[in-house]
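J.: Below are the chains, spelled out letter by letter.
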Amino acid sequence: MSDITERLVKCFTLQFPGLAPEKAPAATTNTLATWDSVAMAGLLVMIEEEFGIEVDFERLEQINSFAGIARYVQEKLGS
Amino acid sequence: MPRLQPLKYAEAVEIVNRPPPDGSGREVLLACGFTPHVLATYLRAHLLISPAARAVSVATGLYGNLAGTLAAAVERPPDAAAVVVEWSDLDPRLGIRHAAGWAPETLADIGRSAASACETLRALLGRLARACPVALACPTLPLPPADTGVAWQAGSLATQLAQLSADFAAGAREAGVRVAAPQYLDRVSPLAARLDVKSELTTGLPYSRAHAERLAFVLASLLDPPPPLKGVITDLDDTLWSGILGEVGVEGVTWSQEHHTQIHGLYQMVLGALAASGTLIGVASKNDPALVEAALRRPDLLVPPDRLYPVIANWGAKSQSVRAILKLWNIGAEAVMFVDDSEMEIAEVQAAFPQMHCRRFPVANAAHSYELVEEIRDRCGKPAVTEEDRIRLDSIRRRGESGGEDAPAIVPEEFLRAAEPRIAFHLAPDPNDSRALELVNKTNQFNLNGRRYTEADWRRALAREGAFLLVAGYRDKFGPLGKISVLSGVCRDGVPRVETWVMSCRAFARRIEYCCLERLFAHFAAARLELDYAETPRNGPTRDFLRALVGEIPAGPVLVERSQFAAACPPLFHTIEEHTYV
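These protein sequence lines map, in sequence, to chains L and H.
Counting from 1, one number per residue, gives the positions in the first sequence under our numbering.
Counting from 80, one number per residue, gives the positions in the second sequence under our numbering.
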């Protein structure tokens, strides 16, 4: 598991307390009923804090999966 | 304060996700006109780690409708409310999400509409504060660039709004609302770092994460105020004053601007102010007692010397002096701050009393010394001073000067009679008697079961059918002790059940506990009463009293027959006054 994935899993399991760590990488808005706009706002704050990046909320809102967010974070950290 | 170090958001979420503490939960309303999510999480986390440490849910209202949220809360009050007013709640044109324009001719109208909104909100807050504890933050964000002119010169709208906000805060405070101190917020959350424009425009939350966290911290501290420390034990040389008394003599120690040692004067002034509001101030110094006595007689001392009690000067271990002071004060080390300029003395005292708040007086650094002075004020200060706070020291001093003979386990009959004891009973559920709740929540030794209450729980308990509250005040020829005992419970079918009973340790051995029960029997014309006793790690005196009353160590709630009480009750010499609230 990459460092980004590991840290994102931490963010996801904190934001969604019922989510098992091993299931987090497969999470999408379709599989996780509690992933709504409020949860997304909390997740955004946590990702910004964890990775020290500034997240474009409108862009992140379009992303609907753990994998998509991981790619976004990778991109931000790489840029 | 519950948590001085800021919480990371992930930490706050982790706290919120933990299994809730035992006991009944409470509902706290977060009333604001913006998207509250991050602020709500932080508020809930800070409430969960506050001294109350109870399960808590945070409810919020509708976006952009602060007045509506407050009106609904007035109709159905929560257990407590945290209210955050921002400029855009006073007029949406004072926010940055509107498109109404900032033409100069509209500014007067913005001012009028903000004044009207303040009036409405103040009235609602006043009504809500009568039903539950309310914490309020007045506008914390910088004003938008609506005013004409330049930012560094106060414009007419900015001046008007600043005055309006100050008047609004004063009005709310008068109505019983706990208002966040703007200067304190400025200290912990700098103005320039509060507004997050991106967050406001995209999610509707105008706060930076750091500001949301500090604001939540302040609101939680207002709703669940940390218990103030009860005493400060201070060193003298290079702490209360500058210089070593044994070296420079009585006139050589200084604390003035003239001698460039004003920081010690500031320290003395804060101790003096705290002493006047009931904080105990003691002295533990390695010094010649005669010299210390002479120095404390200097007329330019800024802390009244009679407020320093006891003053222990000797050449023994500092921890021994501290131990003697704690014994005389009859309080635990965790409720005391110890201040000394010597790292070694700090370490020795800290090792002896791990729970004591030990601080070094950083004599060579004025800025750090000033921070310490502020910390002492914050840790010991209290929002309101009661008569009991004012007379506490006199009571302790009398006990100390009499060698403690007014509080032994057994007091001679004649001594008790000659003391001319008087008890004033106040009987009725009066939820506004803050002293009663304070006593209940801080008393450990004579405490029926250790039960603690939040304000909301207390009000709810007293509002029940048949609920009673008996508060006893005591004085004798040696002086008043103030309100020293509280009994509350509920009377059903003629049997009073005492659910909470505490008595200050200052009032031990005066048979006040017997007088309290006698008063209950008489008031309710009861044949028996029930005491909801439960053992706690520290309520041995209560257990001993009940054993004397019923002849055995109680294992749980105790039923006391009137005849049994009459047989066990020693002679009572007290003059009784009864007051009933309407």
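Think of the hints as simulated: they come from the structure by calculation, not from any bench.
Hints are supplied without guarantee of correctness; some may be wrong.
[Stated by the list, open to error] Derived lysine to any residue pairs resembling SDA-like cross-links, with alpha carbons at most 25 Å apart:
1) H/277 <-> L/40
2) L/10 <-> L/23
3) H/277 <-> L/48
J.: Given the hinted pair residue 10 of chain L and residue 23 of chain L, is their alpha-carbon gap at most 25 Å?
T.: 12 Å, holds
J.: Could you grab the alpha-carbon distance between residue 277 of chain H and residue 48 of chain L and see if it respects the 25 Å cut-off?
T.: Holds, at about 13 Å.
J.: Given the hinted pair residue 277 of chain H and residue 40 of chain L, is their Cα-Cα distance within 25 Å?
T.: At roughly 16 Å apart (the allowed maximum being 25 Å), residue 40 of chain L and residue 277 of chain H satisfy the hint.
Going through the hint list in order, the structure satisfies each hint without exception.
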